[in-house]
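A.B. asks: Construct the entire structure; sequences and hints are all you get.
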Amino acid sequence: MTVEIKWPWQYNFPPFFTIQPNLETRKKQLEAWKTLILNYFKQTNQYILDLSDISNLELFNNSSISRSLNRDDVILILDFLTRSENAEAIDKNKNRWYIYWHSLREWAHIIYSWAQKTNRTNSVLTFYEIRSTPNEEFTELNEEILSKALQLLESQEKAEIILLQDTCGVKIF
Amino acid sequence: MDRFEYSTSNLQPNESYILRSYNIKLYDGDNKTLFENGELILTSHRLIWFLPGSNNYLSLYLKYIVYIEEEKPNVFMFSKSKRLNLYLIEPPKIRPPGPVSISSFNFIKLSFKDKLDIEFVNALNNVVQQKKWETVELVQKTDVKPPIKFRTGIVGIERSLEEKQKATNESISVAFQDLNKLMLMAKDMVDLSKNISTKIKDKQGDITDDETIKFKSYLLSLGVEDPVTRDTFQSDSEYFTQLANEICRIIEKPINEVSGIMVLTDVYCRVNRARGLELLSPQDFLSACKMMEKLKLPIVLRQFDSGVKVLQLASQSDEVIVDYIQSLLIQSTFLTAENLAKILDIPVILAKERLIIVEKFSKACRDESIEGLRFYPNKFLEDLYAFCFFFLLPMNSINFETEKQYSPSQWCSRHRRSDKVEQNHIENVTKLSQDVKNKFQCESNILFYQYQNPFSVSLDTIMTEMEELVEFLLEIGNARNWSSLWLGGHSAGAHLAASILCCNLRFSISGFILISGIYDLRPLINTSFNAALKLNDNSAKKLSPIFKFSTVLGAPFNNKILLVMGEFESPAFLEQQQRFAQEFIKIGLKIKTEIISNADHFQIVEWLNDENYSLTKIIIEMIRAES
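In order, the protein sequences belong to chains A and B. According to my numbering, the residues represented by the first sequence are 1 to 173, in order. According to my numbering, the residues represented by the second sequence are 1 to 627, in order.
Hints are computed from structural coordinates only; laboratory data are not their basis. Since this is a predicted model, take the numbers as computed values, not measurements. Just so it is clear, CB atoms sit at the ideal spot from N, CA and C, and this is done for glycine as well. There's no promise every hint is true.
Claimed, not checked - Heads up, incomplete: computed chain A residues facing chain B, CB under 8 Å, no partners named: (1) Phe13; (2) Gln20; (3) Asn22; (4) Gln29.
As the list claims (entries may be wrong) - Below, simulated DSSO-like cross-link-like pairs (lysine-lysine); rule was C-alpha separation at most 30 Å, straight line: (5) Lys171(A) to Lys586(B); (6) Lys34(A) to Lys590(B); (7) Lys592(B) to Lys117(A); (8) Lys541(B) to Lys117(A); (9) Lys352(B) to Lys158(A); (10) Lys27(A) to Lys360(B); (11) Lys592(B) to Lys34(A); (12) Lys352(B) to Lys290(B); (13) Lys42(A) to Lys542(B); (14) Lys27(A) to Lys592(B); (15) Lys617(B) to Lys27(A); (16) Lys34(A) to Lys542(B); (17) Lys42(A) to Lys290(B); (18) Lys42(A) to Lys360(B); (19) Lys541(B) to Lys34(A).
Claimed, not checked - Beta-carbon label-pair distances, calculated as ranges: (20) Asp318(B) to Ser52(A): 42 to 48 Å; (21) Asn93(A) to Lys309(B): 43 to 49 Å; (22) Asn612(B) to Glu157(A): 46 to 52 Å; (23) Ser369(B) to Glu24(A): 18 to 24 Å; (24) Ile525(B) to Leu23(A): 52 to 58 Å; (25) Leu23(A) to Asn612(B): 37 to 43 Å; (26) Ser52(A) to Lys548(B): 30 to 36 Å; (27) Val124(A) to Ile525(B): 18 to 24 Å; (28) Ser52(A) to Tyr324(B): 53 to 59 Å; (29) Glu468(B) to Leu23(A): 36 to 42 Å; (30) Asn526(B) to Thr118(A): 30 to 36 Å; (31) Trp9(A) to Ile618(B): 25 to 31 Å.
C.D. replies: Put into structure tokens, the structure is as follows:
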């Protein structure tokens, strides 16, 4: 992954890496982390964050100012992201996280309007087909996230998930 | 032999004479000594050896003797033994002087002239066994004599140190006695100084000014005249009130010198130093300080969250301190408590408290790392809103029906003559631009990107350039810590801004202000503008934001898009806004739409530099609203 990240100014501002005790300041700081994390995952096309890795991640370690975030701080930020539906802990120990740079609701909406625009409604689409559509935001979308988004559509009665032999398909109405 | 000491022949109390023997020679271990042909007296406590007729007596205390033994006869000698060996214990470290200072032998010999004096030997054995010296300890006369220091080596040094210590202890206790006397004296001194000061007051004429000043300075250095003491007051509260006043008087000037704040312990020391006598207890002092605020004194007691107590000038509010330290922070990028302590010349603990106050006021933020705790200016809350606003100034219009609909100058409430309207508008907007630049220089960055002649280039080119401009702005924004970039436009400018809004949003723009915009270009094909625009149905569709509506406009844009028109705009413009707004509603995005009453197409922006103008207020409110 050699995408060049455009770091925001905060990334080179040492206090960015200390969770601020002043609540007003902290809110802004967390907002900035949220934007940065979501952009980072979007640009590197990643969907899952593993906390056992954070010490190797440039995102949480700025070696040029020798500052980094520790695990507890990262969890605090991810909890903040969870509140805006932009993250979700996969396991109870909060070790692995889904990062939703579009919330599930947005993903569902994007896929739904794509299907409508491209006249793919009322026919069965495999998950693979959706994921391998070129030049769409959901190209190569993480399969679990895709499944979750489609489940959301299903609950809104806009789609139906069908189990095929060895894969899943969906019918969008 | 070193157990012998000089003495007199006088018997000590409780000592009794027992026996005398003659012609005795002393041996130090196996070595002969110069002490020959002397007489030896045995008493209940000692052996005393002396030369007849001499006044030099050597005595050996019997307590040193552990064992007495007749020397075995020499095999080559036929005679019987005439020597007696006395084995001795180690001598004490400190002892009166004797004939030999150090000996390597732990025994001496008494040599009798002809043969052992059996009677003497038996008597000696008896006396040593009786140990009379143990029942009554002899008062050693030699103790009274000043010791003669001739010992050297480590033992000597140790001894002299011990003596010195003893002497110091004594002199300290003497000194304390003196101090008590001094306190009494000091009281007299203060009385005296009071007398002098009243005399100075009375006889001011007689004494020169110089002398008065000199005297006064002497008096000041004597401390507080007439310190407030507990026993002069009936009630505690009265005492504390007076004490609080006194503390204020003493400390106000010094506290001013150290930038208005002083740790309580420092104040306590200073006050007690100034009083000199009648020292205050910490409890009384604290109680007095607690009264200060009630008494509305110029100095108040303050306790920080960490528990540190200080006295502080009442006039010095937190706001003033915060402002000052904030300016220091900005000058020096970051500060540690140590840095600030140096700058303000205050203790480090206070410097830290101050930085924490600044942080509390949201004017600083912290950086905690292995390099220590540093405070930075709070850039997180520095709201630099960037607002990029496009104006495209219309050309002269021609009077046809469609033309009329799309020629805003035909739809204005002020002037009949349309050309004049536009002329006016250009002047007004230029002035507005200038005003805003001057007014908001510090608060926000507003860039005015003016096309002198928009229709000389194709709309496509303009679009591309706009996108480049936005990209450029975002880069600047990143470098200058803009917290958000807003895009806005008026009329054709609104069209540009809306195009960027709809171009799949490659840019992270915070929000859009679209004023009197055209979002569907097709109606323009039939106007004279098209001579310059050169639009056909296809290209018009391609360049119309309404047909490129982005599906990815997500929740972050809720309440971040404003569509606004003037009440007196042409129906065609009003319809454009309505249709565009519909598109947002379709994707479920909340946007703001406004119609500004009494405004036409031009006034709607010309009034923007009036803070009380409703549209100005709406825009500012939107930009400042939390995301």
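A.B. asks: Now look at each hint and say whether the structure bears it out.
C.D. replies: The hints, checked one at a time:
| no. | hint | verdict |
| --- | --- | --- |
| 1 | Phe13 | holds (6 Å) |
| 2 | Gln20 | holds (5 Å) |
| 3 | Asn22 | holds (6 Å) |
| 4 | Gln29 | holds (5 Å) |
| 5 | Lys171(A) to Lys586(B) | holds (23 Å) |
| 6 | Lys34(A) to Lys590(B) | holds (22 Å) |
| 7 | Lys592(B) to Lys117(A) | holds (27 Å) |
| 8 | Lys541(B) to Lys117(A) | holds (18 Å) |
| 9 | Lys352(B) to Lys158(A) | violated (60 Å) |
| 10 | Lys27(A) to Lys360(B) | holds (14 Å) |
| 11 | Lys592(B) to Lys34(A) | holds (26 Å) |
| 12 | Lys352(B) to Lys290(B) | holds (23 Å) |
| 13 | Lys42(A) to Lys542(B) | holds (28 Å) |
| 14 | Lys27(A) to Lys592(B) | holds (25 Å) |
| 15 | Lys617(B) to Lys27(A) | holds (25 Å) |
| 16 | Lys34(A) to Lys542(B) | violated (35 Å) |
| 17 | Lys42(A) to Lys290(B) | violated (59 Å) |
| 18 | Lys42(A) to Lys360(B) | violated (35 Å) |
| 19 | Lys541(B) to Lys34(A) | violated (37 Å) |
| 20 | Asp318(B) to Ser52(A): 42 to 48 Å | holds (45 Å) |
| 21 | Asn93(A) to Lys309(B): 43 to 49 Å | holds (45 Å) |
| 22 | Asn612(B) to Glu157(A): 46 to 52 Å | holds (50 Å) |
| 23 | Ser369(B) to Glu24(A): 18 to 24 Å | holds (22 Å) |
| 24 | Ile525(B) to Leu23(A): 52 to 58 Å | holds (56 Å) |
| 25 | Leu23(A) to Asn612(B): 37 to 43 Å | violated (33 Å) |
| 26 | Ser52(A) to Lys548(B): 30 to 36 Å | violated (44 Å) |
| 27 | Val124(A) to Ile525(B): 18 to 24 Å | violated (44 Å) |
| 28 | Ser52(A) to Tyr324(B): 53 to 59 Å | violated (46 Å) |
| 29 | Glu468(B) to Leu23(A): 36 to 42 Å | holds (40 Å) |
| 30 | Asn526(B) to Thr118(A): 30 to 36 Å | holds (33 Å) |
| 31 | Trp9(A) to Ile618(B): 25 to 31 Å | holds (29 Å) |
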